[in-house]
Amino acid sequence: MYHLTALVTLLALAFYFFTCINVSRSRTRTGVKVPAMSGHPDFERAFRIQMNTLEWMPIFLPSLWLFAIYISDAIAAGIGAVWIVGRIVYFIGYSQAAAKRGPGFAIQAIAAIALWAGALWAAVSRVV
Amino acid sequence: MYHLTALVTLLALAFYFFTCINVSRSRTRTGVKVPAMSGHPDFERAFRIQMNTLEWMPIFLPSLWLFAIYISDAIAAGIGAVWIVGRIVYFIGYSQAAAKRGPGFAIQAIAAIALWAGALWAAVSRVV
Amino acid sequence: MYHLTALVTLLALAFYFFTCINVSRSRTRTGVKVPAMSGHPDFERAFRIQMNTLEWMPIFLPSLWLFAIYISDAIAAGIGAVWIVGRIVYFIGYSQAAAKRGPGFAIQAIAAIALWAGALWAAVSRVV
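Protein chains in written order, with the working numbering: chain V, 13 to 140; chain S, 13 to 140; chain F, 13 to 140.
Mixed in with the good hints, there may be bad ones.
One copy or any two copies: either way a pair holds, since identical chains are not told apart in the list.
Claimed, not checked - In silico SDA-like cross-links for lysine to any residue, where the CA-CA straight-line distance does not exceed 25 angstroms: (1) Lys45 with Tyr82; (2) Lys45 with Arg138; (3) Lys45 with Gln108; (4) Lys45 with Ala86; (5) Lys112 with Ile83; (6) Lys45 with Ile81; (7) Lys45 with Ile119.
Don't read these hints as lab results, they were simulated from the structure.
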């Protein structure tokens with residue numbers, strides 16, 4: 013088993029879960045009632061943070077695991093940890109203002125793309 | 013292979029697929045045309061049911077499989093079946109009114125968090 | 013390992029990533045600023061293309077892998093490639109007009125359901 017990658021996966025899920033809870037709390041603070049998904053800029057930013065994290069999950073998780081299986085559990089977990097850090101920076105920045113979402117987004121994007129590219133290189137080299 | 017967990021996974025996907033079809037049917041009933049995602053409360057609740065199920069997929073599926081691999085195929089599948097039941101209760105309640113979405117949500121949340129916590133405990137105990 | 017399925021998975025992620033980038037580019041073209049998710053029909057269609065691709069990811073990816081593990085790496089990868097083609101046809105059609113999204117949607121739906129049904133048949137036959 014890939015214990016470090018499993019651990020990083022579960023920590024990534026925990027952080028994602030936190031972004032979901034943050035949307036609920038933002039509903040209470042801003043008065044946007046379910047099922048509405050807009051109506052207050054603070055709520056909309058909280059929702060976009062969750063959604064963007066969700067949107068990257070199908071890129072991040074399969075790339076992370078294919079990298080771990082093909083290349084290295086420890087390196088995959090290390091890059092996965094960088095992804096989580098990027099997501100935390102994104103959360104803090106975007107919660108303050110839409111213009112501050114850039115740095116965290118870039119960190120997590122570079123981490124995810126590195127996992128994807130490493131896995132692709134490994135898969136192609138096995139098939140060819 | 014983890015046959016029971018595979019079976020529960022495929023049944024969970026089937027139920028999720030059903031919530032997607034339900035959004036299409038709700039468009040026909042309420043007259044909300046694509047690509048609009050709002051305009052009628054019945055449609056918005058149908059869409060939120062699908063979205064919330066989608067939002068929990070990256071928590072549920074990886075936790076389910078890590079639990080199955082680390083601990084037990086049968087126990088993972090059993091808790092996964094509870095998750096599906098919670099999702100069905102959530103679907104029925106939320107389809108009627110936003111205020112009735114609580115019990116189903118709680119059942120599936122407890123099931124997903126149990127899978128996550130079990131997998132985390134197992135992964136940590138392997139690494140430490 | 014399932015090298016062909018891994019390769020098709022990574023190509024599917026790349027195409028999904030492209031639909032995400034397309035939403036960002038559509039924001040620039042149509043002037044819809046974050047965190048707003050509506051305001052111009054071209055932007056809303058670009059967003060729905062990404063969202064629909066995301067919505068099908070939890071159906072496609074687990075079905076693809078269970079099919080590969082239970083039945084065949086090569087057949088899974090072949091059907092997975094059809095799914096990607098369907099997604100590309102969907103992207104091109106829906107980018108032009110909402111009414112043109114049908115054929116691509118049908119292709120990817122048939123491919124995903126074939127993977128799901130094959131995996132279900134295999135899992136049930138192991139359990140029973």
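Hint by hint, here is what the structure shows:
1. Taking the shortest Cα distances, lysine 45 and tyrosine 82 never come within 25 angstroms of each other, neither inside one copy (46 angstroms) nor across copies (40 angstroms).
2. Taking CA atoms no more than 25 angstroms apart as the test, lysine 45 paired with arginine 138 passes in neither setting, with 51 angstroms inside one copy and 43 angstroms between copies.
3. Taking the shortest alpha-carbon separations for lysine 45 and glutamine 108, both the intra-copy value of 22 angstroms and the inter-copy value of 16 angstroms come in at or below 25 angstroms.
4. Neither within a single protomer nor between protomers do lysine 45 and alanine 86 lie at most 25 angstroms apart by alpha-carbon distance, with minima of 43 angstroms and 39 angstroms respectively.
5. Neither within a single protomer nor between protomers do lysine 112 and isoleucine 83 lie at most 25 angstroms apart by alpha-carbon distance, with minima of 34 angstroms and 42 angstroms respectively.
6. In the homo-oligomer, the alpha carbons of lysine 45 and isoleucine 81 never lie at most 25 angstroms apart, since the shortest distance is 44 angstroms inside one protomer and 40 angstroms across protomers.
7. Taking CA atoms no more than 25 angstroms apart as the test, lysine 45 paired with isoleucine 119 passes between copies only; the shortest distance there is 22 angstroms, against 33 angstroms inside one copy.
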